[in-house]
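Listed below are the residues making up each chain.
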Amino acid sequence: MKKAIQYFLCFLLLVFFACDRDIEEPEGPSIADLFGEFSVLADFEVEKDAISLENNESTSFSAQFSKTVDWELEILGKTTGAQKIITGTSSFLDASNATWNGSATTIPIFNNETCYTRLRVNSEDYEILDSVKATGARTHEGFLVADFENGFNDGWNGFAQSGADMTFIITDEIPAGQGNNYYDMGGAVDWDYLIGLIDFPATAFETGSFGLPENPDNLFFNVFLYKPAGITNEIVLFQFREDENQDGSFTSSDEDLYAYELTNLEVGWQQISVKYSDLVTLVNGQPSTPAGNGIHDPSKLHQISVLMLADPESGYSQVLMDYMIFTENNALQP
Amino acid sequence: MRIKMKQCCLLLIAFAFFSAPAFSQIKIGKKSWMSAYARSIQYADSYSLEEGLDSLTTAKEYSGHTLMDLSANMQPNENIYINATIRIRNDHGGFWGSGASFDIRNLFIRGIIADAIQYQIGDIDYKLTPYTLFNTEEEYSLFSSNAFAAQRDMVYHDRFYSVDNTWRQQGATASFGLSFKKIFKELNSEVFMFRLSSAANNGALERLYGGFHSHLVQSKFLDFHINYVNAFDLRDTGPNDNYFKNPVLTGGFGLHYGTENWQFGLSNEIGRSLIQYQTPADSLELRDYFYDVKLEAVHQASNLEFSLGYKEVGPGFRSIGAQSKRLLFERSPLAFGRYGNDQVNRPSGLFDQMRDASLYNTRLSTDLMSYRPSYGNMEPYGAATPNRKGFYLDAHWENKKEQLAINVGAKMASEVIGQGTASLKNFTSFSGNVTLRAAELIPARKKKANLTLHYWRENTTRDDDSEFVVLDLANQSIGIDLDVEIWKQFDFLAGFQTISSSGNEFVRRNDAFGQIVSFDPYLVDMSESLLAVGLRYRFNERNSLDFHFNRFKYTSELSDLDNYQLNNWTLLFSMKI
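First to last, the sequence lines map onto chains A and B. Going letter by letter, the first sequence gives residues 0 to 333 in numbering that gives the first Met the number 0. Going letter by letter, the second sequence gives residues 0 to 576 in numbering that gives the first Met the number 0.
Worth flagging that the hints you see were computed from the coordinates, not collected in a lab. A quick note: this is a predicted structure, and the numbers were derived from the prediction, not measured. Among the hints, a few may not be true.
Stated by the list, open to error - If we take Cβ atoms under 7 Å as the criterion, some of the chain A residues that face chain B in the derived model are: (1) 19; (2) 25; (3) 26; (4) 34; (5) 247; (6) 290.
Said to hold, decoys possible - Ranges between beta-carbon positions, derived for each pair: (7) 503(B) <-> 126(A): 29 to 35 Å; (8) 95(A) <-> 562(B): 34 to 40 Å; (9) 95(A) <-> 503(B): 34 to 40 Å; (10) 228(A) <-> 503(B): 52 to 58 Å; (11) 469(B) <-> 269(A): 51 to 57 Å; (12) 519(B) <-> 327(A): 48 to 54 Å; (13) 416(B) <-> 122(A): 40 to 46 Å.
Backbone N, C-alpha and C fix where the C-beta goes; we use that ideal spot for every residue, glycine too.
Let the hints inform the model, and build the full structure from the sequences given.
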């Protein structure tokens, strides 16, 4: 009998000691945070007065509140209108949750300008302003095709129809997506979809190639486009010609031509990014079978062409273009 | 180990007929017979709110019904018993069938297989332990005046609340008992499986609730028990991927020792639970444990009973069979359900809870149901209330002539972990009942004359450096009951109960998995009072006619809308055949 009792007691002990508890910390959100009064315990401060974008410098922001709140830190470029938004839910800001490395949340990109900083706690109707100077321009790792900062490259080929109000030029009339200049593609052509185009052949580069890797799954094509308000008929077609046999020329009948067509852009600057392996062959705007081996091979990219198109009956159309760059691993982080 | 078969059978038969809770008594020797419960009740209610605050609500309402629960009892042979109960109800004013309803209220088959295993199929009233399957009494049930009980018993009957805390379920049970020659005396075991919800309901999965209970008696000094329950979904029985399960395993032992004057007992229950929710988007698994140890002592010479216990129930302990509540606080009563010029929902009060069965729950809830801190903040989910640890003490004394009876209880507890803060809530409660029976106290008085006084108080506090976290809530109840036979079988009944609550609390707001996502501040400064005065004529023990007047007042310092009054006349005829 003693054994039976011992077995049972052992079982009970096992039940007890096998018990584990998943909740060890206080349950739920902090009541003090939910219902406590808000006050600023330490003022909002910017760590550095100025940062060098070209040297990839960064700065942090600090503040201390009496309770956990949802806060938003906005950094706004005075000249470019570039914007960086950092958000968080905490009772403090420091280097761990509020550091700015010169990047932008949306384009345009910050460029050698005074930047306004604004910390907001909407739930408490709290807002405070400061500023930081950003010098130079932020550099990005990648394979730059064109940023239009140094004029029209002699190796590029531009073409514009003889329509009305044609503007296939590099200009700086409005703040650029990156740097100071951008390429303006605009005009009205009432007999053809094509308004104008610009070719970026590999031969335009000093090395005679784009210098891209072979893997198309890890490579992103990025470009900034700007649609002016009132434009509704734009069609922007990017073409990527591969010289598969490496003979220095592209043969449309037996080599791959991939494309990326964009319509209905948003008004203003926007970043377009697409993985190279997602590019398809288009015939009259519809996906089709590539004429070559059908293998995406960026290392054999021969030429990029940008065609500005519009329905000839739709009148004037215009799109601005800037900062065409390939990046590896991820789409461009502006 | 050899089992003595004859003893075993005798034990089984005894166990079969006396152990299962809430079974009607079987009349051996009859093949079939009828039994019934009947009542007829008529209410005349009037309502008043401060002038100018309510020009829309009807000031008076009349309602009532007559119903009969008609049971057919059949015993085709000595091993099978069948019960079918039909409820026929006719709301007063519903002539020629309008407002009449017919429902099957009870249907089960019970019997014994091979003189060894007792089974029951169909509707079953069932309970296990306070941590596994237990229908805990609702708030403020510590005191129930006989004047209130006339109607409250009607609600309990309608909602299948038996006196021993069973939940009404549908399914099957089987039980058997064994007696042993050596080491142990006997083993009684039960297995059960109930259907909580069907797959046909809103595309949900079929949900079952099953388990077992074993009670092993070693001797009169020592026994053991083990209990297992599990609520679980059956996958692929419905067109969704949600899944729920809640297994709970508990066990314990009892030590009993007695001398000429004293009886001592040490009982305990420890166990663990797991609750698991799965949806295509998210999932949750929560494990926790509890333990409850109680020492009991009875001094036979003085009729004094005393118990002292300590328990801890983890914050993640979940047992849907033990934590489901009776009262549905989010429901509005049927009478004057909306009030005020904005016709807002009227929260139920003591008066409504005394007589309105629609405010009571009959299903096991997978979530921690909402509760009202002003009605009881310490153990809103009964003994199995999660996140509590502390002592409890009960004492009962009654003199040998049964002239005076005193019950007192006290509890001191705190949270196991904080909610919304590291600081813990502390709870204290005290309750006391004193009953005087004049018929025994005054020799000249031959007729019944009982007076009961009741007091209950509960405090919840939390200290913290932040003033926003601090809370202090005090609840209190005072009750008086008078039950006097004034003339042959005529009783005068009077009951008065007042409850009050003031202070603040933070009520948890849960997500779909029952986890706290926020807190709602709860401010209260209210009082309720219920007065009942009435006459009862007892035709016999099972048949009576009651005529009562009830007055309910609700007052609050926080809202003028809460200051209203309900008056009610009730005529109730009840009969059990």
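Hint numbers not upheld by this structure, sorted from lowest to highest: 5, 6, 8, 13
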